[in-house]
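Residue numbers (the working numbering), protein chains in the order written: chain A, 1 to 145; chain B, 1 to 145; chain C, 1 to 145; chain D, 1 to 145.
Everything labelled a hint here was simulated from the structure, so no lab data went into it.
Please note that the accuracy of each hint is not assured.
No distinction is drawn between identical chains; accordingly, a pair holds when it is met within one copy or between any pair of copies.
Unchecked claim - Dumping the calculated EDC-like pairs for lysine to aspartate or glutamate here, alpha-carbon to alpha-carbon at most 20 angstroms:
(1) K34 - D79
(2) K8 - E42
(3) K34 - E57
(4) K8 - E116
(5) K8 - D107
(6) K8 - E89
(7) K34 - E56
(8) K34 - D66
(9) K8 - D111
(10) K8 - E19
(11) K34 - E19
(12) K8 - D79
(13) K34 - D125
(14) K34 - D78
Number of protein chains: 4
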Amino acid sequence: MTDALTTKPFRWPVRVYWEDTDAGGIVFYANYLKFFERARTEWLRHLGVGQQRLREEVGGMFVVTDTALRYHRPARLDDLLVVTAAITESGRASITIAQTASLQGLDGRPDTLLCEGSIRIGWVDAADLRPQRLPPAIRLALGLT
Amino acid sequence: MTDALTTKPFRWPVRVYWEDTDAGGIVFYANYLKFFERARTEWLRHLGVGQQRLREEVGGMFVVTDTALRYHRPARLDDLLVVTAAITESGRASITIAQTASLQGLDGRPDTLLCEGSIRIGWVDAADLRPQRLPPAIRLALGLT
Amino acid sequence: MTDALTTKPFRWPVRVYWEDTDAGGIVFYANYLKFFERARTEWLRHLGVGQQRLREEVGGMFVVTDTALRYHRPARLDDLLVVTAAITESGRASITIAQTASLQGLDGRPDTLLCEGSIRIGWVDAADLRPQRLPPAIRLALGLT
Amino acid sequence: MTDALTTKPFRWPVRVYWEDTDAGGIVFYANYLKFFERARTEWLRHLGVGQQRLREEVGGMFVVTDTALRYHRPARLDDLLVVTAAITESGRASITIAQTASLQGLDGRPDTLLCEGSIRIGWVDAADLRPQRLPPAIRLALGLT
Chain A
1 MTDALTTKPF RWPVRVYWED TDAGGIVFYA NYLKFFERAR TEWLRHLGVG
51 QQRLREEVGG MFVVTDTALR YHRPARLDDL LVVTAAITES GRASITIAQT
101 ASLQGLDGRP DTLLCEGSIR IGWVDAADLR PQRLPPAIRL ALGLT
Chain B
1 MTDALTTKPF RWPVRVYWED TDAGGIVFYA NYLKFFERAR TEWLRHLGVG
51 QQRLREEVGG MFVVTDTALR YHRPARLDDL LVVTAAITES GRASITIAQT
101 ASLQGLDGRP DTLLCEGSIR IGWVDAADLR PQRLPPAIRL ALGLT
Chain C
1 MTDALTTKPF RWPVRVYWED TDAGGIVFYA NYLKFFERAR TEWLRHLGVG
51 QQRLREEVGG MFVVTDTALR YHRPARLDDL LVVTAAITES GRASITIAQT
101 ASLQGLDGRP DTLLCEGSIR IGWVDAADLR PQRLPPAIRL ALGLT
Chain D
1 MTDALTTKPF RWPVRVYWED TDAGGIVFYA NYLKFFERAR TEWLRHLGVG
51 QQRLREEVGG MFVVTDTALR YHRPARLDDL LVVTAAITES GRASITIAQT
101 ASLQGLDGRP DTLLCEGSIR IGWVDAADLR PQRLPPAIRL ALGLT
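Chain A on its own, in the form it takes in the complex:
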């Protein structure tokens, strides 16, 4: 039986542009939250979960409730990163996703971990932002039983 907690992490490439860097010559640390979200969004899309559509049809949306990031090494302009996403926990109204950003290894060399973190997202009513149970369609798409 396959389920979300045992499958391989989803992988998404992210290129570093000028907009991502700061005067330290490296990627501004807050931007890893953006990279992580792009990967989560593409992972959801890959599983058939369109956020804009869900908001229009179900009136709900994901909000981030907790983030915890650890920065190991810096990324620089033009670097090609690989960002992963994998569910580590799920509740009635929220899921927790483990994410990493690594420098893609060239010529068969392994990737180099740059940043890793944990993001907890909750499902809320789009109008009043109150927590709601995850819609069955999302639970199904995510492989949550």
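With the hints as your guide, set chains B, C and D onto chain A.
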């Protein structure tokens, strides 16, 4: 007679933080649009125009329709800038605002112009984003006859 | 004979994520400058021009000196945009690039223009930011004679 | 005896602009890291620690090594926030700072906590980004013994 086209430009201080810089060691050029908007927002607030409130009460909002910026000199981390805003044109549904960002001169020395531009904003219905005539309350606050 | 001024524009896909939107429910206008730069960077990379490498090897970099954008229609969360870049003018130390962002047409329908603009970039010494003549390697890569 | 661990948190006002919001109508969660950094920077400046100057004179800079944020309630356009910063731990090459962002209470009412977190920053050589002992001038300014 006082009117918007003859009064002194509004001035607003903006400090440069890490978030504003890029790997060139200078302020990322797109961020001057943010600095300009902060000054426009504070200038509107100063004139009694609250955008969030207007959206709730009148159902309209400003959208930017044209921007033109020229970059003269770079700003760097920790620099203290002065951003100005002054109306240069107004129509039924839009106004054009001249803006500058300068490095604040210390000890009585003059400011140094870093970036100047022109921003055209239109008033739209918040729901369908269609152009609307500027509400009388805004015309009055801006000194437009 | 092919040259930069006659070839088709370079095209680069850009997906709209949460980070790109604002409380108006649409893409924040300043972010089109980021989208345009991603396309310029990928276009340069496609032509063999790596900016980080050039900075290390030649000690120079591009800086943006002028931007002019016109916003036609808004983009929204999850939209897939196509961003183009094509040289329209070139001088000794600068080039001007025409750019557009369009909503990608589905099922063979045409793209819908959302934003168009003109970006002038100059080549400068990375240390003192003074204008420099465009290096021959870049002129060659860009098809400038 | 006064020291950094017992003094009141530093407070810094942050206004919410369009640039800070997302299509959910609220402040984009990654931007609290920016708000927190603005407050840390102003707190350091208040203590006499100028980051740009330190980088030029000492060749070192702070880098963020860990962030952990919890989001309690959303902030919206035009909200006036109060951001705090206070040291909770210090080591040879790093310090940990507890930070909060709250909606400023009007008319004497208490502030409402929106987001709280912990940021660990390390002192590194600006050239190779290797960890360095905190310079005595910084330890002194921060009240670390």
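Checklist entry - Going back to the hint list, which numbers does this structure go against? => result 3, 5, 7, 10, 12 and 13
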